[in-house]
Structure formats: C-alpha cells, structure tokens
Amino acid sequence: MIRIEDLHKSFDGQEVLRGVSLQVNPGEFVALIGMSGSGKSLLLRHIVRLIKPNSGRVLVDGHDVAQMPRAELEALRSRVGYVFQSGALFDSETVYDNVAFPLREKTRLGESEIRRKVMTELDLVGLKDAGAKYPAQLSGGMLKRVALARTLVRSPEIILFDEPTTGLDPIVVNSILELFAAAHQRLHLTGILVSHEIPEIFGIVQKIAMLYEGKIVAVEPPEALGTAANPILDQFVHGKLEGPLQYR
Amino acid sequence: MTAWCITWGNWGVGKLSALGKTTLFLLQTIACCLTPPIKGNRIVKQLWFIGWKSMPVICLTAAFTGMVLALQGHPILRRVGSEAFLGPFVDLALIRELGPVLAALMITGRAGSSLTAQIGIMRINDQIDALELMGLNPIRYLVAPNFIAMVIAMPLLSAIFDVIAIFGGYLVGVHVLGLNAGVYFGEMNNYTVFDDVLSGVYKSMTFGILIAWVCCYKGFNSRFGAEGVSTATTEAVVNASVLILVWDYLLGAFLP
Numbered sequence: 001m002i003r004i005e006d007l008h009k010s011f012d013g014q015e016v017l018r019g020v021s022l023q024v025n026p027g028e029f030v031a032l033i034g035m036s037g038s039g040k041s042l043l044l045r046h047i048v049r050l051i052k053p054n055s056g057r058v059l060v061d062g063h064d065v066a067q068m069p070r071a072e073l074e075a076l077r078s079r080v081g082y083v084f085q086s087g088a089l090f091d092s093e094t095v096y097d098n099v100a101f102p103l104r105e106k107t108r109l110g111e112s113e114i115r116r117k118v119m120t121e122l123d124l125v126g127l128k129d130a131g132a133k134y135p136a137q138l139s140g141g142m143l144k145r146v147a148l149a150r151t152l153v154r155s156p157e158i159i160l161f162d163e164p165t166t167g168l169d170p171i172v173v174n175s176i177l178e179l180f181a182a183a184h185q186r187l188h189l190t191g192i193l194v195s196h197e198i199p200e201i202f203g204i205v206q207k208i209a210m211l212y213e214g215k216i217v218a219v220e221p222p223e224a225l226g227t228a229a230n231p232i233l234d235q236f237v238h239g240k241l242e243g244p245l246q247y248r
Numbered sequence: 249m250t251a252w253c254i255t256w257g258n259w260g261v262g263k264l265s266a267l268g269k270t271t272l273f274l275l276q277t278i279a280c281c282l283t284p285p286i287k288g289n290r291i292v293k294q295l296w297f298i299g300w301k302s303m304p305v306i307c308l309t310a311a312f313t314g315m316v317l318a319l320q321g322h323p324i325l326r327r328v329g330s331e332a333f334l335g336p337f338v339d340l341a342l343i344r345e346l347g348p349v350l351a352a353l354m355i356t357g358r359a360g361s362s363l364t365a366q367i368g369i370m371r372i373n374d375q376i377d378a379l380e381l382m383g384l385n386p387i388r389y390l391v392a393p394n395f396i397a398m399v400i401a402m403p404l405l406s407a408i409f410d411v412i413a414i415f416g417g418y419l420v421g422v423h424v425l426g427l428n429a430g431v432y433f434g435e436m437n438n439y440t441v442f443d444d445v446l447s448g449v450y451k452s453m454t455f456g457i458l459i460a461w462v463c464c465y466k467g468f469n470s471r472f473g474a475e476g477v478s479t480a481t482t483e484a485v486v487n488a489s490v491l492i493l494v495w496d497y498l499l500g501a502f503l504p
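As given, the protein sequences belong to chains A and B, one line each in that order.
My numbering puts the last residue of the first sequence at 248; the count rises by one with no breaks.
My numbering puts the last residue of the second sequence at 504; the count rises by one with no breaks.
Simulated from the structure, these hints should not be mistaken for lab results.
Mixed in with the good hints there might be a few duds.
Said to hold, decoys possible - Taking CB as the label site, the calculated pair distances span:
id: 1; chain 1: A; residue 1: Ala75; chain 2: B; residue 2: Thr479; range: 33 to 41 Å
id: 2; chain 1: A; residue 1: Ala71; chain 2: B; residue 2: Leu272; range: 31 to 39 Å
id: 3; chain 1: A; residue 1: Ala75; chain 2: B; residue 2: Gly288; range: 20 to 28 Å
id: 4; chain 1: B; residue 1: Leu272; chain 2: A; residue 2: Ala75; range: 37 to 45 Å
id: 5; chain 1: A; residue 1: Tyr134; chain 2: B; residue 2: Pro284; range: 25 to 33 Å
id: 6; chain 1: B; residue 1: Gly257; chain 2: A; residue 2: Ile171; range: 57 to 65 Å
id: 7; chain 1: B; residue 1: Gly357; chain 2: A; residue 2: Pro69; range: 39 to 47 Å
id: 8; chain 1: A; residue 1: Arg79; chain 2: B; residue 2: Ile286; range: 24 to 32 Å
As the list claims (entries may be wrong) - Derived lysine-lysine pairs resembling DSBU-like cross-links, with alpha carbons at most 35 Å apart:
id: 9; chain 1: B; residue 1: Lys293; chain 2: A; residue 2: Lys117
id: 10; chain 1: A; residue 1: Lys215; chain 2: B; residue 2: Lys301
id: 11; chain 1: B; residue 1: Lys301; chain 2: A; residue 2: Lys133
No residue lacks a Cβ here, since even glycine has one placed at the ideal position from N, Cα and C.
Use the sequences and the hints to build the structure in full.
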C-alpha cells in the first residue's frame with residue numbers, strides 16, 4: 001500500500017506540493033490527473049525517493065521512504081517499476097539489451113533464461129522483432145512499449161507510470177493503455193498512472209485523483225464522474241472553460 | 249554594507265557547498281573504484297574509448313610537438329655552443345612536463361568532453377534515475393569505470409606521446425638540422441634518469457584523476473536540457489584544463 005501524508009515540497013521558495021495526501025490500496029490502479037506543471041511527476045518521484053520532501057511522509061507498506069536506510073530503499077526500488085515520460089532507455093544499447101539490462105545487472109540468471117524472459121516481454125508488447133534496433137530507430141509509441149517491457153521484466157509489485165502516452169496518436173495511446181491494463185491484471189500490480197488521456201484512462205483505473213494547487217482535491221471512482229461531485233474535477237475532466245479551476 | 253555582506257556571504261556559502269559536493273563525489277567514486285563489484289567490461293570499453301580512440305590525436309600532436317621543440321631549441325642551444333644537448337633538451341622537456349601536460353589537455357578535449365556530454369545526456373533523459381531505480385549505483389556503474397580507465401590510460405598515452413615526440417625531434421634535429429644521430433640519442437641517455445620517467449608517470453596518473461573527476465562530475469550534475477549539457481561540457485573542458493596546468497605547477501614545485 002502507498003500512503004502519502006501531508007507532503008510538502010518547494011523549490012527556491014516556490015511551493016509546488018502543499019500538503020498532498022493520497023492512499024493507493026494493494027492491487028489498486030489510480031490515475032493521477034492535473035494541469036501541466038501541477039507537480040504530478042514530482043509526486044511520483046517522492047514515492048521512490050528520487051526527491052525528498054520538505055515535510056510530510058510517503059509510506060510504502062508502512063515504511064517511511066524518506067527515512068529508509070540505503071539497503072531498505074534498494075529493496076523497495078527493486079519492487080517498484082517506474083516508466084518515465086521519456087522512456088529513459090539507454091541510447092547506446094539495443095532494445096534487447098535494454099530489456100535484458102536489469103536482469104543481467106541485478107539477477108544471477110543465465111543468458112538463456114534472460115533471453116526467454118526478454119523475448120516473452122517483447123512479445124507481450126508486440127516488439128519481438130525489434131530486439132536488434134536502437135532506441136533512436138524507434139517511434140515514440142515503440143519507445144514507450146520497450147520502456148514498459150523493461151519495467152515489467154523485473155516483475156514489479158508496484159508500478160508508477162509518468163505520462164507514458166504523451167504525444168502519441170490515439171490508436172497508439174489505446175494500445176499502450178491496453179498493455180497497462182493487461183499487465184495490471186496479469187501481475188496484480190499496485191500502481192499510479194499520471195496521464196492526460198481523458199477519458200481513455202478511465203477504463204483501466206479504479207480511482208482518479210486530481211492534483212490542483214499542490215493538493216489532492218478529489219479522489220473519485222471513474223463511474224462517479226458522470227455525476228462528479230467535485231466541481232474542479234468535473235471542470236478538468238470535461239475541459240470546461242468556466243468554473244472554479246484557475247488557469248495560469 | 250549589510251546587503252554587500254549578504255551577497256558575498258551567499259556567494260561564499262554557495263562556493264563552499266559546491267566544493268563539498270565535488271569532494272563528496274570524488275570520495276564516493278574512489279570508494280566505488282576500490283570496492284567490489286568492479287565493472288570490468290565497462291572499464292575495458294572505456295579504455296578502448298579513452299585510450300585507443302585517442303591514439304591518432306595523441307600521435308599527431310606528439311610528432312609536431314617534438315618537431316617544434318627541436319626546431320626552436322636548436323638555434324638557442326647553438327648560441328651557447330651546446331647543440332649536442334638537443335636530445336636531452338627535447339627528452340627532459342617532454343618526459344617531465346610537456347608529454348603528460350599536452351597529452352592530458354588533448355584527452356580532456358577529446359575524451360573528457362565526450363564523457364561529460366554522454367553522462368549529461370543520460371542525466372537529462374532520466375537514464376541515471378532509471379539506473380538508480382534498478383538498484384544500481386550510477387557512480388559505480390558510470391563514473392568509476394571512467395575513473396579507472398583514465399588512470400590506466402593517461403600514463404600509457406603520455407608515454408606514447410613522449411616516444412613519438414622524441415622521434416619527431418629526431419627527424420628535425422638529425423635529418424633537417426644535421427645533428428649526429430648518435431649524439432642526439434647518446435646525450436639523452438646520459439642526462440635522463442629513472443626519476444624523470446617516474447615523475448611523468450605520476451603526473452599523468454593524477455591528471456587522469458583530475459580529468460575523470462571534473463568531466464564526470466559536470467556531466468552528472470547537468471541540468472536544463474541541451475543547453476545545460478552544452479554548458480556543462482564547456483565548463484568541464486575549461487575547468488579540467490586550468491586544473492591540469494595549476495596542478496602541474498604544484499607538482500613541479502613539490503615533486504623532486
């Protein structure tokens with residue numbers, strides 16, 4: 001379970017997160033939405049301690065991430081898969097080597113077992129013939145799918161997606177979201193998905209959390225959105241120009 | 249007055265903090281170099297990149313440095329009737345000073361800048377964060393192999409620089425200026441001691457540490473997109489080059 005309690009973070013005096021609180025239960029997939037620059041990616045980075053908060057806590061299975069000793073943090077990170085917005089693939093390695101990388105570096109598996117696992121993941125994301133290509137030779141959608149394969153090959157328990165479909169065409173977006181849904185069902189992942197793909201993401205998540213002005217202002221199940229009680233969430237989801245949400 | 253104190257105080261604190269971060273980075277890197285697991289395959293890869301791929305530029309620079317030394321040194325030595333000492337003049341200048349320093353400056357420009365850019369791009373594209381999230385220490389994985397490779401490659405490149413430059417000096421001194429070949433090499437043998445060679449080796453090893461330290465640190469702390477990487481690369485080359493010259497003076501002043 002991921003529990004975020006009253007998280008504050010500021011940079012050069014500018015407060016980005018102003019008391020974020022959110023809970024993601026085991027096996028739950030939560031969409032985190034909000035305006036660009038509202039701090040969604042920043043919030044995800046706190047969960048794996050790529051950034052430390054000014055105050056507040058991030059608890060994973062009851063353990064405070066910011067206070068964890070190094071060994072415990074590494075153990076946590078080995079349970080977490082993180083799909084970066086950019087994909088963060090290693091440019092100098094082929095697709096196959098990128099996916100095999102965490103297995104080669106962090107496990108004692110033989111090359112034949114690694115090959116089997118890598119090919120299985122590449123097959124699942126529809127890229128089994130792209131193993132010899134380099135990231136620079138791939139389209140945006142293919143890059144995101146390789147990044148997903150590299151994350152899933154480690155069999156994570158928790159997965160964090162940071163805008164994995166930004167800038168892709170609608171068909172590719174849907175194909176990637178379908179992959180997320182399949183991975184979520186197959187591996188019973190607990191996850192947070194930062195995305196602007198509304199309403200496409202509603203079919204694959206159990207809850208939608210809205211980050212606005214540094215706080216989570218609404219947490220609703222997708223089915224409640226038709227009758228959204230929270231006016232900010234309602235305005236954002238339906239893209240209304242008039243309402244309480246202030247554009248900067 | 250108060251504003252002046254605050255400005256300079258902030259500046260001083262900023263510089264001290266940067267110095268602390270840089271020193272911590274060096275200490276972490278040294279710890280990663282001295283404790284297992286050592287990334288042997290990455291060290292070999294970096295040796296090939298830093299060492300082997302720098303050979304053309306090192307050979308070319310060395311040949312012309314030796315030739316210029318002979319060309320400029322010969323008339324000066326002739327004025328005092330000592331043209332027979334052209335060999336030791338070229339040899340000692342190269343082994344003790346010019347070989348390690350010029351090789352280090354060339355490696356800073358060719359390999360150091362590339363290291364900064366490579367690590368910087370990995371930083372801005374989240375690849376370093378991805379390494380961390382896979383449970384890998386980016387300093388152990390990215391920086392330590394460069395460090396070890398640089399410390400091994402620099403003395404070798406410096407030695408190759410010396411040998412080629414001495415032959416460059418021989419070409420000009422003997423075949424252009426008419427000095428006797430036996431005199432050129434014979435006097436060299438009489439005036440060069442093993443400590444001169446050792447001093448060059450020590451120097452080039454410490455230059456290797458300086459280049460790897462500055463260039464990897466700058467890349468590791470690159471920020472703000474392509475412009476940030478470009479700034480980091482420029483700063484890395486300038487800082488490393490200046491540090492090499494300052495450190496060379498300090499070593500010259502304190503080494504025997």
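Hint-by-hint comparison with the structure:
The hinted range of 33 to 41 Å is satisfied by Ala75 of chain A and Thr479 of chain B, whose Cβ atoms lie roughly 37 Å apart. Checked against the hint of 31 to 39 Å, the pair Ala71 of chain A and Leu272 of chain B fails, with Cβ atoms roughly 20 Å apart. The given range of 20 to 28 Å is respected by Ala75 of chain A and Gly288 of chain B, whose C-beta atoms sit roughly 26 Å from each other. Distance hint for Leu272 of chain B and Ala75 of chain A: a CB-CB separation of about 24 Å, inconsistent with the stated range 37 to 45 Å.
Under the hint 25 to 33 Å, the C-beta atoms of Tyr134 of chain A and Pro284 of chain B, about 31 Å apart, fit the expected range. Hint check: Gly257 of chain B to Ile171 of chain A, Cβ distance near 58 Å, so the stated range 57 to 65 Å holds. The hint said 39 to 47 Å for the Cβ distance between Gly357 of chain B and Pro69 of chain A, and at roughly 42 Å that hint holds. Here the CB-CB span from Arg79 of chain A to Ile286 of chain B is close to 27 Å, well matched to the stated 24 to 32 Å.
With a CA separation close to 27 Å, the supplied pair Lys293 of chain B and Lys117 of chain A stays within the 35 Å bound. At roughly 53 Å between alpha-carbon atoms, Lys215 of chain A and Lys301 of chain B are farther apart than 35 Å, so this suggested pair is violated. Note on Lys301 of chain B and Lys133 of chain A: the hinted pairing holds, with a Cα-Cα distance of about 25 Å set against a maximum of 35 Å.
When each numbered hint is compared with the structure, violations occur for hints 2, 4, 10.
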